[in-house]
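Read off the chains here:
2 protein chains.
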Amino acid sequence: MILIQSEQDILHTIRNRQSARAFSSEPVSHEAITRILEAGRHAPSGANQQPWHFVVITDPVPKREIRVACERVEARLHGFPPEPLGNWMKEHSITQEKAFLEDAPVLIAAFFDPKAPYAIPSVWLAIGFILLQTEKEGLSSLPYTPAGAELNAILSVPEALRLAAVLPIGKGIPGKPQPRKPLTAIASLHSFGTPFDRTSTP
Amino acid sequence: MILIQSEQDILHTIRNRQSARAFSSEPVSHEAITRILEAGRHAPSGANQQPWHFVVITDPVPKREIRVACERVEARLHGFPPEPLGNWMKEHSITQEKAFLEDAPVLIAAFFDPKAPYAIPSVWLAIGFILLQTEKEGLSSLPYTPAGAELNAILSVPEALRLAAVLPIGKGIPGKPQPRKPLTAIASLHSFGTPFDRTSTP
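As they're listed, the protein sequences go chains A and B. This note's numbering puts the first residue of the first sequence at 1, with every later residue one more than the last. This note's numbering puts the first residue of the second sequence at 1, with every later residue one more than the last.
Isolated chain A (complex conformation):
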């Protein structure tokens, strides 16, 4: 089948993508940032409301402010982490220090309008597309979600919009690859518990 090579291209990017928590300071071109944002702009959304707004930050001063605001909420989370998050953070040496918010040359703060229909699914579809385009650019990112971090004031974003994630973008220093559950554990055919198998006939 002549299309296989091309069909597997996105899968290749998806399989190779790996979240990074450490970045070099090497700058990212404006063209790359533009293409990364374009990927988010073309995501589908509930009733086509496109309920997202992305703030791109490259200046050290707001990056520092964002880091301080995020580490403040991290201190609360790390005090009493819910499981399995707590264990996972310990295993991966993830602390409340978020140096990547200053080290990454670019941050994209993704906001959304919670009043739009299907707002959270929509903004996360856009973030997913952004993560893949970032990988395609030879760059790394992390869908970092500092729950409760108050970044609206720092970035002059109206209070009506809520933060979904802060995405550091840059040349990443890759972490440990994350193991995946096998396909048969995460997909069923017709009925939960009847594993979907690569080789079974649907």
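Keep in mind that a hint or two might mislead.
What the hints assert, rightly or not - Heads up, simulated DMTMM-like pairs for lysine to aspartate or glutamate below, C-alpha to C-alpha not over 25 Å straight-line:
id: 1; chain 1: B; residue 1: Lys171; chain 2: A; residue 2: Asp9
id: 2; chain 1: B; residue 1: Lys181; chain 2: B; residue 2: Glu91
id: 3; chain 1: A; residue 1: Lys176; chain 2: B; residue 2: Glu38
id: 4; chain 1: A; residue 1: Lys181; chain 2: B; residue 2: Glu159
id: 5; chain 1: B; residue 1: Lys181; chain 2: A; residue 2: Glu38
Said to hold, decoys possible - Residues from chain A that keep clear of chain B, each with C-beta distances beyond 10 Å, as calculated:
id: 6; residue: Ser24
id: 7; residue: Ser25
id: 8; residue: Thr95
id: 9; residue: Gln96
id: 10; residue: Asp103
id: 11; residue: Ile173
id: 12; residue: Pro174
Honestly, the hints are just simulated from the structure, not real lab data. Glycine included, every Cβ here is placed at the ideal spot set by N, Cα and C.
Put chain B on the given structure of chain A with help from the hints.
Below, chain B alone, put in the same frame as chain A:
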């Protein structure tokens, strides 16, 4: 720059993807379904919990049951649709009839464990990856979210898992392309209201 062609490949897929609400019954190969599921399987997730389960449905009987269950909740939604959803559905001739749930050769019901950390963002990242691989296969889909539809019993899915979306997959009959807000309206540089421009220096 020699990488441009390859870099823009995912963007090309993202820009061309269009949700479909009508499908031909032409079957989808098992290999294509497998690659589509593989795309979801490799999405990032909170604490790498991979809190998703995908049920693939190709049989007419459960497809019919799913349609009936979804149209039941659609009847309620269409009775008192919130705006701007109501107007948008009217403009796009979207009614409570969901024939695509029977017409599409494949449905993927995406469930998630709401107790996992960042469960909703995680499952929507996986759904986004699935939508792109579907497009790459030359197929169409729709991130259809029948809020409150009770599909667990039909698909023997434990009550602990919740439905995120039902994705019809097949040769789609494309709808009207959805217009997008310009980049300058959905992206700012450093401060909300300072438009991010393709040509400005970050």
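Consistency of the hints with the structure:
1. B:Lys171 / A:Asp9: Distance ~20 Å between Lys171 of chain B and Asp9 of chain A Cα, so the pair holds.
2. B:Lys181 / B:Glu91: Holds - the C-alpha atoms of Glu91 of chain B and Lys181 of chain B are around 18 Å apart, at most 25 Å.
3. A:Lys176 / B:Glu38: Measuring from Cα to Cα gives roughly 20 Å; hence the hint holds.
4. A:Lys181 / B:Glu159: holds, 21 Å
5. B:Lys181 / A:Glu38: Distance ~11 Å between Lys181 of chain B and Glu38 of chain A Cα, so the pair holds.
6. Ser24: Holds: least Cβ distance 17 Å, greater than 10 Å.
7. Ser25: holds, 14 Å
8. Thr95: About 15 Å separates Thr95 of chain A from the closest Cβ of chain B, which puts it past 10 Å; holds.
9. Gln96: Gln96 of chain A clear of chain B: closest Cβ-Cβ about 15 Å, beyond 10 Å.
10. Asp103: Fine: 17 Å to the nearest Cβ keeps Asp103 of chain A off the interface.
11. Ile173: holds, 17 Å
12. Pro174: holds, 13 Å
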